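**Q** Residues per chain are reported as follows:
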Amino acid sequence: EVQLVESGGSLVQPGGSLRLSCGASGFTFSTFWMNWVRQAPGKGLEWVANIKYDGSAKSYVDSVRGRFTISRDNAKNSLYLQMNSLSAEDTALYYCARDISASGGLDCWGQGTLVIVSS
Amino acid sequence: QSALTQPASVSGSPGQSITISCTGTSSDVGGYNYVSWYQQHPGKAPKLLIYDVTNRPSGVSDRFSGSKSGNTASLTISGLQAEDEADYYCTSYRSTSPPLYVFGTGTKVTVL
Chain D
1 EVQLVESGGS LVQPGGSLRL SCGASGFTFS TFWMNWVRQA PGKGLEWVAN
51 IKYDGSAKSY VDSVRGRFTI SRDNAKNSLY LQMNSLSAED TALYYCARDI
101 SASGGLDCWG QGTLVIVSS
Chain R
120 QSALTQPASV SGSPGQSITI SCTGTSSDVG GYNYVSWYQQ HPGKAPKLLI
170 YDVTNRPSGV SDRFSGSKSG NTASLTISGL QAEDEADYYC TSYRSTSPPL
220 YVFGTGTKVT VL
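Heads up: the protein sequence lines correspond to chains D and R, in order.
Each residue of the first sequence is one higher than the one before, starting from 1 at the first, in my numbering.
Each residue of the second sequence is one higher than the one before, starting from 120 at the first, in my numbering.
Rather than coming from a laboratory, the hints here were simulated on the basis of the structure.
A hint or two may mislead.
[As the list claims (entries may be wrong)] Under 10 Å between C-beta atoms, here's a sample of chain R residues computed to sit facing chain D:
hint, residue
1, A122
2, N152
3, V154
4, H160
5, K163
6, T224
[What the hints assert, rightly or not] Examples of chain D residues lying across from chain R (beta carbon under 8 Å, computed):
hint, residue
7, W47
8, Y53
9, G55
10, V61
11, G104
12, G105
13, G110
[Claimed, not checked] Here are the in silico distance ranges between beta carbons for each label pair:
hint, chain 1, residue 1, chain 2, residue 2, range
14, R, S121, D, K52, 19 to 27 Å
15, D, S87, R, L231, 25 to 33 Å
16, R, S132, D, L11, 43 to 51 Å
17, R, S145, D, V5, 34 to 42 Å
18, D, S56, R, S214, 37 to 45 Å
19, R, R182, D, S118, 41 to 49 Å
No experiment lies behind these values; they were computed from the predicted model shown.
C-beta: ideal position from N, C-alpha, C; glycine also.
Make a model of the complete structure from these sequences and hints.
**A** Have a look at this one:
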C-alpha cells in the first residue's frame, strides 16, 4: 500500500525553527517528485515546495523562499522540510504529497502534521 | 503569488451535472496542460481527481472530467451524488523563475 506519514509538527514560538519529516512506503520513492502543501485552519490549500526525484531541483512559493528548505533522503525513503524564522502566517496543517505526473498531479497524500506558531 | 480564481460555491441536485471553473493567465492555466483538480472532504486529505487537464487517475469515477479553454480550466461532475459534497481545488504549473505550482481559491459544492 502506498503510504505517506508526516511527523514533526508542534507548537513553536515566532522566530523559531522546526523540521518536518515524511516517511514513504509502498512505492519506489526515488523515482517521484515530492511536494509539501499546507492548509491554514479554515483556509484553502497552498503549495509550499517541491523537489525532484534525485534532489537536483527544488522550488518554493515566494512566502517561504529563503526560510524553508526542502530535502530528501532516498536511502531512507524520507522527505523533509526545514522551517526557519517561523511566523504566525506559517500556522497550518502541512501535507507531503507524491507527484504522479511530474506536472503537479499529487496522487498520494499523508494525513498532515500540524504546525502552530504562537507565543 | 496570486491564486487561481474559482467560484466560492456551486450547487446542484442529485443526478444533475455541475461545472467548476478555474481561471488563471497565459503564464499558468493558459500556457500549459498542467492543471489538476482535487476533492477535499472536511477533515480529510485532498484526493486527486484529474491531472494534466483531462487525465483521471486509476480508481477515480468517470463522472469527473476536466477540460480547458484559453486561460480557464473546468471540472465537470456528472450525475451528482450526495458524496460529491466537498471542497474542490484546481492547481496549475506557473512559469515563474523558478517555476512553481499555484492552487485555486477553492469551491464548495453543495448537493441540494
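**Q** Each hint: holds or not?
**A** Hints versus structure:
| no. | hint | verdict |
| --- | --- | --- |
| 1 | A122 | holds (7 Å) |
| 2 | N152 | holds (8 Å) |
| 3 | V154 | holds (8 Å) |
| 4 | H160 | violated (12 Å) |
| 5 | K163 | holds (9 Å) |
| 6 | T224 | holds (6 Å) |
| 7 | W47 | holds (4 Å) |
| 8 | Y53 | violated (16 Å) |
| 9 | G55 | violated (15 Å) |
| 10 | V61 | holds (6 Å) |
| 11 | G104 | holds (5 Å) |
| 12 | G105 | holds (3 Å) |
| 13 | G110 | holds (7 Å) |
| 14 | R:S121 <-> D:K52: 19 to 27 Å | holds (25 Å) |
| 15 | D:S87 <-> R:L231: 25 to 33 Å | violated (41 Å) |
| 16 | R:S132 <-> D:L11: 43 to 51 Å | holds (44 Å) |
| 17 | R:S145 <-> D:V5: 34 to 42 Å | holds (39 Å) |
| 18 | D:S56 <-> R:S214: 37 to 45 Å | violated (19 Å) |
| 19 | R:R182 <-> D:S118: 41 to 49 Å | holds (42 Å) |
Consistency with the previously given hints fails for numbers 4, 8, 9, 15, 18, ordered from lowest to highest.
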